[in-house]
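A.B. asks: Sequence:
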Amino acid sequence: MTIRNDLLTDKIDQALKQRDKVVAIRTSLKRLRENRRRALLELTNFEKLRELAKQIKDKNTKNLKTNIETFTRALEKQGGKVHFASSAEEACRLVYQIVSAKDVKLVVKSKSMTTEELKLNEYLERMGITVVDTDLGERVLQLARDKPAHIVAPAIHYTRRDFAQIISKNEGVWVESDPEKITQSIRLLLRKRFLSAQAAISGANFLIARSGSVVLVTNEGNGRLGPSVPPLYIVVAGVEKIVQNEEDAALLLELLARSATGQSLTVYTTFTTGPQRMADGSLQELHVVLVYNGRMRARETELGVALWCIRCGACLNTCPTFNVLGGHVFGGVYPGPMGVLWSAIIEGYDNANNFSDLCISCGLCSSVCPTKIPIAETIMLVKSKGKNRRGKRLSEKILASVGGIERFASKEPKIWNTLVSTKFTKSVMDLIGLDPRRTPPKVEKEFEPSAKELTGFVYFSDIYARYNEPKIAYELEKIFKEVGLSVYYPIEQTEAGMPYLSYGMIEKARKCARKNVQVLLKYVSSGCKIVTTEPTALYLLRHVYPFLLKSREADFVAQNSYSVAQIVYSLVKERNLSVYPKFSQKRVFYHVPCHARALGEEYYLPLLKLAGYEVVTSDVTCCGIAGTFGYKKGALGYELSMVVGEELFEQMAKFGEGIYSTDSSVCSIQIKGALKKSCFHPLFLFGVG
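Residues in the sequence shown are numbered consecutively from 1, following UniProt numbering.
One or more of the hints may lead you astray.
Simulated crosslink set (SDA-like; lysine to any residue; CA at most 20 Å straight-line) [said to hold, decoys possible]:
id: 1; residue 1: LYS452; residue 2: GLY404
id: 2; residue 1: LYS169; residue 2: LYS181
id: 3; residue 1: LYS445; residue 2: GLY484
id: 4; residue 1: LYS105; residue 2: LYS11
id: 5; residue 1: LYS481; residue 2: TYR569
id: 6; residue 1: LYS445; residue 2: LYS508
id: 7; residue 1: LYS81; residue 2: LYS181
id: 8; residue 1: LYS508; residue 2: TYR569
If you are wondering where the hints come from, they were derived from the structure by calculation, not from laboratory data. From a predicted model like this one, the values you see are computed outputs, not experimental measurements.
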C-alpha cells in the first residue's frame, strides 16, 4: 500500500468515527440540493441555459489573453490599478506591498477561495498584519484555526452549538446556540473591525472586461460593507473570472445562485466599476491582483475545462463520498470533485491524486454542473497522471481486471462458485486488500444469444449480464419477443471498461472503448439502435467513450444508444400496449442508480407504475458500492461504501414487505449484502402484451 493511500485511509477512518460531523455535513448538503431542485423548477430552459453557459465560459477561456488586456485597460481608465501574479508567492507579495505602502495594520476580508489557494491570510499575518474574515462561516473557522469544508458553506461540518462555543471561547462573550443570536453577536463584533480597518480584500465572482467592473455575490452584508468603508480595496481573483461583457455575467449569475444556494439571485449582487467616492469626498484606492498560478498552462491541457468553473459547489453537494466526508478529507485547497481538477492545476497531479480515489466515477457531478464541465470524466484522466499512480495496489489491479476474471470463471462456474465461498478465499482476499466481508459474485455459463441474424436492435451487455446473471439478457430477449421484435448480440463486444477508469488505467479503458465502438459502429451505421440493461454501460457509451476517443464514430454510437427501458416505454406508448405485473406483491422499492440519474434515464419508474405496482423510490443518489470500490478492504473501500449507502438501507428497511429492485448489477449486490434480501432487475417485474 502506498503512503498516499495510508494517509487518506487514516483520514477517512477518523472522519467516519465522528458521527456528529457526518450527520451535520449530510444534513447541510441535502438542504442545499433540495433548494437547488426547487429553484430549477422556476426555469423551463435549464438545459439550454447550461449549454449557453458552457459556450460563454469556453469562449472566454479561449479569449483569455485578450480579455485580460481589455479588462486592464478598462479598469485603469477608471482609475484602478491591475497587478499580475504568476504564482501564489508573487500574489501574496504583491498584496503585502500594496498594504504595507499604506501602513495597514488591520484588513477586513470577504470570503474568497482564491485567497485560500494563495494562503494569503497566513502570509499577511506572518508580516504583522491582522486579517479578519467577515463571512460568518469563515470567521468561525478562523477563530477555530480550521479550514473550509465547502466552497459555498465553509462550516458545514459544524453544528450551531459548535458555532456558539467557538465564538464564546475566542471573542470573550457568551453566545447562545441559536442561529439568530449567533448572527447578531458576530455582526456586532465585526462592525468594530469594519470601522477601524485600513484596507479591505475580497475575491470576485466575475470580472467584466468591457467595463473593468468587479462582480461580487454574497448573502451577507459583509461583501458590500467591507469594500466600501476602508480607503483601500484590493480584489484578488484568478484570471479565469474575466468574462467579455455584462451579458455574459448576467447569464452566469442566473445559474450561479440557483446552483449554489437555490436562490434566483443572492441577497447582494454588487458591481463595482472603478474607485468609489468615500464619505469624506476622497476616492478609494482600488487594486485588482490577477492570479495565474497554473491557469494559463492548464488552458492548453485536458484541465482547461476546469477554468469554466463558477464556484457554485453543486458538484460537492451531489457527490456521494463528499456527502459523508466533506472537504477536510475529500479535498486540498479546493474541495470535492472540482477540487481534484483545481489541485491538479495549482499543485500538480500528485497532489490531486492524494484524494482523487474518493471520486467513485458516478458521474453525478458532471450532470449538475451549470457550465457542463465533464468533471467526472476529467478526474478519470487525472487519476492516470503523476508518479503516485505507479504505486498502484494489488487489490486495484485485480479489481480492474474483473472482466477477464469473470470470463475465465464462467467456463467452469461450479468450481468458481464453490471456491469464492470458502474460508481460504476469504483469507486470500484479506491478504491482497479485498474486504473478506464481501463475497465475489457467482458466475454462470456465458449468455448464448438466440437471434442469429441482424435485427433493428443490438444489445451491449457489459460483463454482469454476460457472465454473472445471464438471466437478465434472456429476459431482455423475452420482452422484445413479446412485442414482436428481436435483439441481436454481437459476441465480439468486450467489457465496457469502467473498473479501468476507476483506477486510472486510462489506456486499457481506451482500448475497450475503441473495440466496442468499432464493433457497434457497423450496426448503427446500418440503422440499428444499441440497447443496454446496465446503466453504467449506457453511461460509458453516451458520455465516456466520446470523451476518451474524441471521434465522430464514438459520437455516432453515443447518439444511437438507449436504455432498454426507454425503448420499451416508447413502444408501449406508440403501440398502445399493455404492461402487466409478474409478481403478486404490488409494492416495489426501486433504487435509481447513480449512472441512470446522471443520464436522466428513469424509464423503469413509469413502466413499473403502468404494470400496476405501487412504486417507492428515494432521493438518496448512491448505494455506496460504486462498482468495485466497495470491494476494497477498510476505510477506503468497504467501510466508506456502507456509510455512503446507510440512508438508503434505512429507507429500504422501513419500507417493509415488498420487492426491492434496481437495474444496476453492483447496486443489487450492495442492497442484497446490506439487507439480506433479494433484489431484482426491473425487467423481471413486468411483461408487455
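A.B. asks: Against each hint, give a clear statement of whether it holds in the structure.
C.D. replies: Hints and how they fare:
no. : hint            : in the structure
1   : LYS452 - GLY404 : 25 Å, violated
2   : LYS169 - LYS181 : 15 Å, holds
3   : LYS445 - GLY484 : 27 Å, violated
4   : LYS105 - LYS11  : 37 Å, violated
5   : LYS481 - TYR569 : 15 Å, holds
6   : LYS445 - LYS508 : 26 Å, violated
7   : LYS81 - LYS181  : 40 Å, violated
8   : LYS508 - TYR569 : 35 Å, violated
In the structure shown, a violation is registered for the earlier hints numbered 1, 3, 4, 6, 7 and 8, in ascending order.
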